[in-house]
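When you get a sec, could you build the whole thing from the sequences and use the hints?
There are 2 protein chains.
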Amino acid sequence: MKIILDAMGGDNAPMAAVQGALNAHRDSGYDIVLVGREEEIRKALIACGETALPTGMEIRDAREVVEICDDPATAFKRKKDSSLTVGLTMVKNGEGDAFVCAGSTGALLSGATLVTKRIRGIRRAAMAPVIPTASGGAVLCDCGATADCTPEYLLQFAFLGSFYAKRVMGIETPRVGLLNIGAEDSKGDALRLAAFPLLKAAGDAGHINFVGNVEANTAMMGGADVLVSDGFSGNIMLKSLEGVGKFLLQELKGMFFKSTPNKMAALIVKKDMKELKKKLDPSEVGGTPFLGVSKPVIKAHGSSDAKAFANAILRAAEYAESGFIADIEANIGYMKVQSEGEKM
Amino acid sequence: MKIILDAMGGDNAPMAAVQGALNAHRDSGYDIVLVGREEEIRKALIACGETALPTGMEIRDAREVVEICDDPATAFKRKKDSSLTVGLTMVKNGEGDAFVCAGSTGALLSGATLVTKRIRGIRRAAMAPVIPTASGGAVLCDCGATADCTPEYLLQFAFLGSFYAKRVMGIETPRVGLLNIGAEDSKGDALRLAAFPLLKAAGDAGHINFVGNVEANTAMMGGADVLVSDGFSGNIMLKSLEGVGKFLLQELKGMFFKSTPNKMAALIVKKDMKELKKKLDPSEVGGTPFLGVSKPVIKAHGSSDAKAFANAILRAAEYAESGFIADIEANIGYMKVQSEGEKM
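Those protein sequences? They're chains A and B, same order as listed. Throughout the first sequence, residue numbering follows our numbering, covering 1134 to 1477 in sequence. Throughout the second sequence, residue numbering follows our numbering, covering 1134 to 1477 in sequence.
Calculated from the structure, these hints are not laboratory results. Fair warning: this is a prediction, and the values are worked out from it, not measured in the lab. Be a bit skeptical, because a hint or two may be false.
One copy or two, it doesn't matter: identical chains are merged, so the pair holds either way.
The calculated lysine-lysine pairs, modelled on DSS-like cross-linking and capped at a C-alpha distance of 30 angstroms, are [what the hints assert, rightly or not]: (1) K1210 x K1320; (2) K1396 x K1379; (3) K1391 x K1250; (4) K1213 x K1320; (5) K1250 x K1320; (6) K1333 x K1396; (7) K1411 x K1379; (8) K1410 x K1250; (9) K1320 x K1176; (10) K1250 x K1176; (11) K1469 x K1411; (12) K1411 x K1386; (13) K1320 x K1225; (14) K1407 x K1320; (15) K1333 x K1299; (16) K1440 x K1299; (17) K1403 x K1176.
See below:
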């Protein structure tokens, strides 16, 4: 397993990326290629207490860096020698099994779509993180890659999410729900009303296990294994969970520091609280693959620390080994859709 | 202050409605009219330990009940003698200052729009609950009344939300944010990209204090006082908060019951945990007015218990007294919009 890592992407680059790669390499033995400005990567290595690269790790020099302020649609093209573009080209050419990047989501998505390309027949890529729920977790597909969706895109997201839950989460018959604002079949906005019969037909045909509309609160209590959503609403849900988690932990912290008895109580439950926090911590997940792209391209959180980078590398390897992409390619026949004004 | 209450609406009707009305009347002294099947209301009164109605409370007999399974668009019309339709007609005719109902949201919204009517010039009604945030709370407008929105509807929701925050929450210059999937001006789906310049222009004209795009996680940390959203995404956010709150409290409960020391810790923080839960409990809010409707019509949660009903009655009185509707009517000049294919 060889993972290509954009060492220059993310708020804490290159330090966090390099430290994360060292940790992941040590724990997993995976080969890792650090892509970026060689002198900066070497400086970070020294700061991490390493005088030389361990065997199995290498540097691929790339002189440019895609910045968050760059136009996402064109950055990967204009900056041909950026760590992002070089990394994508490497994974496209088979010089590694997966590419991990914590840089601009938009630039990475444009690049992944145009450099590594989508799987033939898939109309749009989706980001599909696993969100914590009362039944262990659910794939939220899409959560930001494709903000404006057609009903056909949602149908394909259902297929992508279902295979992902099967292959990567190990759920044999994932329950696929349409994220909606009511549980009854007739609920929702125009997009959901048009998508529902498509998902139902796919369920009736035995291609997915469609369980109908699922509201966001039911979803959190474990109502489905796959939540099908347009990228806009999915992102609102994902960021709401992030925000409320942070807000609640802040409130709990305030409560535990309020008085001496409370501080004692905090000491007692400290370890368990840490476990709970871990369960809800996005950096524990680390990275999210772009589903529908023909090669494993994994987006790590922009604020990734070393732990998050190490986790993203492990997720990338898991995804590359899962057989997900081969599954989609093998079953693309029934997934193909025709959208208005667009050709296959 | 006279509040009209649909005694037959909600999962726990009429018992919870009657008990809640008794409590609210005792605490506030407001006059309350219970609308519904008289014999069922009297039976509930006896079950609450009351042999007769206290002075200031009365019953208005209405023989029909709008059920959740009724078609929301026509239920209020077909069931003319339902507690919902009778209550709406009463508030329309000035037989009370506000109407509170925990029945079907869709039926209540259709009824409010067609019986009491919208404020002249307002295109769509919005539901705008106050969600708990790190800065105390934010109005989420809309969160389910209007699932499919035009940019012009979002502009009007910004006005409605801003006046609501001013009049009901007492915030002098509410920060109005467009709920979006990125903070930069250029972020979002087609709807947000079209709405942004309208909100910006309203801000530049001094009609609102527009603070730009706000992501859901920033919103939870207190990034805005008003969150402008289409009803679909707003509902996804609201239900996500509900779901994650429930999920987290369940996890915390599990943690506190895990071991004897943890149980001791739980005892110590019990009171503070209760406070925290209260802070996050939707029944503490009780009810949400339909903003844009010409009379105070308040939707209470379908699962309202007596406490939630009592709170909804207090919120209804607060809303009726706030001067919000008069404010909108006085300022409708700059709020009027023209939508494609529709006439003013």
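To see whether the hints hold, each was checked on the structure:
1. K1210 x K1320: between (43 angstroms within a copy, 21 angstroms between copies)
2. K1396 x K1379: both (20 angstroms within a copy, 25 angstroms between copies)
3. K1391 x K1250: neither (54 angstroms within a copy, 49 angstroms between copies)
4. K1213 x K1320: Close across copies (24 angstroms), not inside one copy (47 angstroms); limit 30 angstroms.
5. K1250 x K1320: between (35 angstroms within a copy, 24 angstroms between copies)
6. K1333 x K1396: For K1333 and K1396, neither the intra-copy (52 angstroms) nor the inter-copy (47 angstroms) Cα distance is at most 30 angstroms.
7. K1411 x K1379: both (12 angstroms within a copy, 18 angstroms between copies)
8. K1410 x K1250: neither (37 angstroms within a copy, 48 angstroms between copies)
9. K1320 x K1176: neither (56 angstroms within a copy, 35 angstroms between copies)
10. K1250 x K1176: So K1250 and K1176 fail the 30 angstroms test inside a copy (34 angstroms) and across (68 angstroms) alike.
11. K1469 x K1411: neither (39 angstroms within a copy, 49 angstroms between copies)
12. K1411 x K1386: Both: 15 angstroms inside a copy, 17 angstroms across copies.
13. K1320 x K1225: between (42 angstroms within a copy, 29 angstroms between copies)
14. K1407 x K1320: neither (39 angstroms within a copy, 35 angstroms between copies)
15. K1333 x K1299: For K1333 and K1299, only the intra-copy Cα distance (19 angstroms) is at most 30 angstroms; the inter-copy one is 45 angstroms.
16. K1440 x K1299: This pair counts as within: shortest intra-copy Cα distance 26 angstroms, inter-copy 44 angstroms.
17. K1403 x K1176: neither (37 angstroms within a copy, 51 angstroms between copies)
Comparing the model with each earlier hint shows violations of hints 3, 6, 8, 9, 10, 11, 14 and 17; every other hint is respected.
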